[in-house]
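Colleague: Sequence:
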Amino acid sequence: MFKYIEEYVDFSIRINDYISTVMVDNGIGCEEYNYSHIWELVKSQGVAIRGFSFEGGVNERISGMLLQDKWETTIAFNQQLDEKNKNFVISHEIIHYLFHDNEKNGVFLDTQKSLQYYEPKLLMEFQANIGASIILIPDTTLICLLKKGWNIVQLSDFFGIPENTLTVRLVQMMQADLGMTFKVAKGHVDDICYEFNNKGKFIVTMLATELENHLKQKKTVHLELF
Numbered sequence: 001m002f003k004y005i006e007e008y009v010d011f012s013i014r015i016n017d018y019i020s021t022v023m024v025d026n027g028i029g030c031e032e033y034n035y036s037h038i039w040e041l042v043k044s045q046g047v048a049i050r051g052f053s054f055e056g057g058v059n060e061r062i063s064g065m066l067l068q069d070k071w072e073t074t075i076a077f078n079q080q081l082d083e084k085n086k087n088f089v090i091s092h093e094i095i096h097y098l099f100h101d102n103e104k105n106g107v108f109l110d111t112q113k114s115l116q117y118y119e120p121k122l123l124m125e126f127q128a129n130i131g132a133s134i135i136l137i138p139d140t141t142l143i144c145l146l147k148k149g150w151n152i153v154q155l156s157d158f159f160g161i162p163e164n165t166l167t168v169r170l171v172q173m174m175q176a177d178l179g180m181t182f183k184v185a186k187g188h189v190d191d192i193c194y195e196f197n198n199k200g201k202f203i204v205t206m207l208a209t210e211l212e213n214h215l216k217q218k219k220t221v222h223l224e225l226f
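Going by full-length UniProt numbering, the sequence shown opens with residue 1, and the numbers climb by one from there.
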């Protein structure tokens with residue numbers, strides 16, 4: 001992940017800025033945020049979100065699709081997925097719609113493999129996975145609740161985000177924003193997941209404070225540039 005830090009940071013800033021604008025425009029506080037705010041905005045632009053039952057081997061391969069033609073833009077998701085993975089798939093396709101829509105990209109088909117793609121060899125899938133996680137819980141909301149001592153299970157259940165997606169996100173943030181190695185970041189996440197009532201709760205609040213300070217610095221630099 002560390003060697004892809006620039007790609008991660010660049011797209012993370014883009015999608016967080018997009019969501020922050022929606023939150024400010026609608027008076028949504030960090031604890032009031034829900035992914036439905038973004039979904040409803042996209043649906044208001046004429047995007048249909050529909051569940052489908054795929055047959056046979058196709059059912060095991062296809063998780064979601066974005067289909068765009070002159071009649072309609074449709075996000076299709078596999079109804080056999082559990083609720084949290086449905087949320088991630090739909091949010092993944094929304095990122096394709098918001099950031100990858102052009103005449104050459106009329107169809108996106110996503111499998112379980114593409115939904116776990118964390119290297120930018122396929123840049124649009126890499127971005128869609130980053131963005132889907134942020135749609136489900138943007139940085140400001142995540143940091144706010146980590147500071148309050150929320151654990152991974154609480155965050156996963158409240159925001160409907162798969163636990164494994166959330167743990168990958170935390171490792172990425174620690175590497176990209178705090179300069180940690182993968183080994184150190186993964187160790188902290190393991191403590192948060194498995195030692196929360198011991199040292200994990202202290203680690204999560206400490207990391208949240210450091211991430212918050214880094215986020216403030218990024219905003220200051222961004223404002224100075226413009």
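Hints should not be assumed to be uniformly reliable.
As the list claims (entries may be wrong) - What follows is a set of in silico ranges between Cβ atoms, one per label pair, in the way DEER data are often shown:
hint	residue 1	residue 2	range
1	Val9	Cys30	15 to 25 Å
2	Asp17	Glu195	46 to 56 Å
3	Lys183	Gln79	37 to 47 Å
4	Tyr4	His37	24 to 34 Å
5	Asn26	Phe99	12 to 22 Å
6	Asn197	Trp71	52 to 62 Å
7	Asn198	Arg61	15 to 25 Å
8	Glu83	Leu41	19 to 29 Å
9	Trp71	Gly51	12 to 22 Å
10	Lys199	Glu40	31 to 41 Å
11	Lys70	Thr209	18 to 28 Å
Since the hints were derived computationally from the structure, they do not count as laboratory data. Ideal placement from N, C-alpha and C gives every residue a C-beta, glycine not left out.
Colleague: Does each hint hold? Answer for all of them.
Modeller: Hint-by-hint comparison with the structure:
Our hint of 15 to 25 Å for Val9 and Cys30 holds, since their Cβ atoms are close to 21 Å apart. For the hinted restraint 46 to 56 Å between Asp17 and Glu195, the CB-CB distance of approximately 34 Å leaves it violated. Judged by the Cβ atoms, the range 37 to 47 Å given for Lys183 and Gln79 holds: they are separated by roughly 39 Å. Our hint of 24 to 34 Å for Tyr4 and His37 holds, since their Cβ atoms are close to 29 Å apart.
In this structure the supplied range 12 to 22 Å holds for Asn26 paired with Phe99, their Cβ-Cβ distance being about 21 Å. In this structure the hint that Asn197 and Trp71 lie 52 to 62 Å apart at CB holds, the actual value being about 54 Å. At about 41 Å, the CB distance of Asn198 to Arg61 disagrees with the hint of 15 to 25 Å. Taken as a hint, the range 19 to 29 Å holds for the pair Glu83 and Leu41, whose Cβ atoms sit roughly 21 Å apart.
For the pair Trp71 and Gly51, the supplied restraint of 12 to 22 Å holds, since their beta-carbon distance comes to about 19 Å. A beta carbon spacing of about 40 Å between Lys199 and Glu40 agrees with the range 31 to 41 Å that was offered as a hint. For Lys70 paired with Thr209, a C-beta distance near 51 Å fails the hint of 18 to 28 Å.
Violated hints for the displayed structure, listed by number in ascending order: 2, 7 and 11.
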